[in-house]
Amino acid sequence: MKHLLLVLFCLIALPARAEVEIQEITSPGGIDAWLVEEHSIPFVALELRFRGGASLDAPGKRGAINLMTGLLEEGAGEMDARAFAEAREALAASYRFNVGDDSLSVSARFLTENRDAAVDLLRLALVEPRFDADAVERVRAQVMSSLKSRETDPDAIASDTFNRLAYGDHPYGSYYAGTLDSVAALTRDDVVAAKARVLARDRVYVAAVGDIDAEALGALIDEVLGGLPDTGAPMPQDTSFAATPGVTVVEFGSPQSVAMFGHDGIGIDDPDFFAAFILNTIFGGSGFNSRLMDEVREKRGLTYGIRTYLIDGDHAKAMLGMVSTVNPRMAETIAVVRDEWARIARDGITAEELAKAKTYLTGAYPLRFDGNAPIARILVGMQMDGYPTSYVATRNDRIEAVTLDEANRVAARIYRPDELRFVVVGQPEGVEATE
Amino acid sequence: MRLILMPLVLVAGLLTTPAQAAGEVTDYTLDNGMEVVVIEDHRAPVVVHMVWYRTGSADEPPRKSGIAHFLEHLMFKGTDNMEPGELSRVVEANGGSDNAFTSSDYTAYYQRVAADRLGLMMRMEADRMRDLVLSEEDVATERDVILEERATRTDSEPAALFREELRAALYRNHPYGTPNIGWRHEIAALDRDDALAFYRRYYAPNNAVLVVAGDVEPEAVLALAREHYGPLVPTEGLEARVRPQEPPSRAPLRLTYADPRVAQPYLIRSYLAPERDSGDQEKAAALVYLAEVLGGSGATSVLGRALEYDSQIAVHTSAGYGATSLDTTSFGLVVVPADGVSLDEAEAAMDATLAEFMETGVDPEQFARIQMQIRASEIYALDDVGDIADRYGRALTSGLNVADVEAWPEVLQAVTPEDVMAVAAEVLDERRSVTGWLVTEDGEGAQ
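Residue numbers (my numbering), protein chains in the order written: chain A, 1 to 435; chain B, 436 to 882.
Treat the hints loosely; a few may be bogus.
Stated by the list, open to error - Derived coverage of chain B by chain A (criterion: at least 3 residues anywhere in the stretch with Cβ under 8 Å from a Cβ of chain A; other residues may be distant):
id	stretch
1	584 to 590
2	685 to 698
3	732 to 740
Because the hints were derived from the structure by calculation, they are not lab data.
No experiment lies behind these values; they were computed from the predicted model shown.
Note that the Cβ used here is the ideal one computed from N, Cα and C, for glycine as well.
Build the full structure now, drawing on both the sequences and the hints.
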């Protein structure tokens, strides 16, 4: 099942009592990093994350940071795009550059046998990218092609419409890769400026897992990041979920309709967050055995999948869900979602549901630490969320500490059926738009 | 969730990664014919428990397309000892995750849990191998779910419908031409008896492979396997998997699929191609290289250089090859033209590039880089024991054995540029191909 949402949250990546020994180091140049040494396989997974991501696009330059991200591997230093690719392939290293609403991430892995050369190449990509004119045009054409495809993708239409209603002019209100018009208008200067806005040392988080020790990692970090500027663009302002209750229907010719729904949410720094996390697991977050999956799929056969998410963005929170069904059955599906939303707010959950969710969540966590790259991603996520390394040992205790009374108090607080906004894309039958 | 794997999907530089074990691999066969493979990885206290059946959508009877996948869903409905949904609930209550997938050649069920829960997983998985209980009501509801799944994953996706057309055209006689999920009109007619007939025949220890990977000791796994799977009764008279094979292809085929939901037209050329056969994997290994040489990376592959870098004819090119398959597989090329370039021009440029490649051959430096990457992928693969379990499961249900899996990395390293050109000459024969255009409306993007 593909991801239904564009804004993904890092909560799932909260580890608990994993058997990993995390070292906190500071490079000679003053950059902090977390390290797990794992010498049984001769490679390193390195994860870098720059806070701010595509939300740091300058006004009128939507999509510049995304375009820039796509160009980091398209030539650097003395090498044009082809020479860079050949050098990387000869080393069998991989660097993946991704950007989203809240961060730009670099996921690298390289062999011990040629680590120095692989690290130097990564440094070139981050510090001395060329942004050659032909590369800009090539990547622009790729981005435009994917933006064009989004125009006829019902999931994308639902998500874009929903976010616009919820966040308006804030960067969260528009798609991070921009529009056909905004991307067409970007210049090489915009790309150069975009890099300076986001790739800076004061917003980077670093984790490494694999065949490397603290001293070598410190030197590596300074090598890769030392040439970046100290600071970049200021972070965006916070915003809040502003969509009014109701139903929006976007006409789209397809046998199926897709619906996105939700309202304001709750963040990781809220004392009720763990209760909310457990509630969402029970309600629609845990795959097959959630309430929504049971009511909508298992009992009625209305859909292939339905899921809900707690969105903990840096600048806004939301509780969202997504579902698709054939046009004649969308009205019934929406009614079931509304009923369940009201039921959990009114009646809360049972002691049995709470116990099961706790067992699941606390049992599932060590299974996430299952490889160098996944562990590196978890560690960087923890740093961005502001957790200490010791959090690994206390996370499950916080889950266990949530009582039934507390969960039900929080359910009444956070599930607000009267505030639900639905965006339906398709030709749903019997679904009344409210505006 | 109840995912369908599409092993021959020909997009985005699909490289079949070579196989090698993380740690020790132990292979064993129980008295009732069930094969057991244990892969050790003691880095984390986790185990992946998988049961692979040597049956998939290509083994379905006529008029029953989709029954393999339908049954896969129904396998979560309960047994004489378990309530519907109980297995997944127990897995989840133990902090684990579970799922299943159906392909043309196999159907697999797996759980990922803490290593000390392995016995419980085996007890439940063994229970549903022979004692599934289905109510008419559960079957009817699940059929609706599958029709929704088809609506979501296929009917709402022009690219998926396009691939369905391509496969149906490429395989004129072999059941690989039928989609794994089934044709809609045939799914709608599937019933409980169809599911149970398929189940009783194919879900049996002598048609299954158990793969256990993770923080386990082989002796302990074998003892548990004997306890839980050992007593299961095999299906008698299960014959070899002989499917209708493709006749000689004498004419290149073409099709155009028009759909108003298509925003970006593109073309796919798909050729029939040899697969990995037991003891005979050399051609397949050379085809793995050929896919990388032609369409592995935009900046350095033959098609990427010619169409994306030296000219601006395409915004994306790739090549794909599904090496692991019971019967004749396919090799595919994808070209997504740049704005203002017609599919006709894009296809002509692709053909001219292929013709030039057949003249000039493989660039030795590119070949060396690919060889290095394939070697390195063995090192990186050690980091993901689930992926290695997957390789064994797929191979052992696709006509290969453990020795073939273990030999594969060496076979790959032994490929020469001459081998690559030899398979290129054999496989890139338009008479054994289908060329498909995906367009917005008739003619649009095509002129």
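Each hint tested on the structure:
1. With 5 residues having a Cβ less than 8 Å from any Cβ of chain A, the stretch 584 to 590 of chain B passes the three-residue criterion, so the hint holds.
2. Counting residues of the stretch 685 to 698 of chain B whose C-beta lies closer than 8 Å to any C-beta of chain A gives 4; at least three are required, and the coverage claim holds.
3. Judged by the Cβ-Cβ criterion of 8 Å, the stretch 732 to 740 of chain B is covered by chain A as claimed, because 5 of its residues qualify and three suffice.
Of the hints listed earlier, there is not a single one the structure fails to meet.
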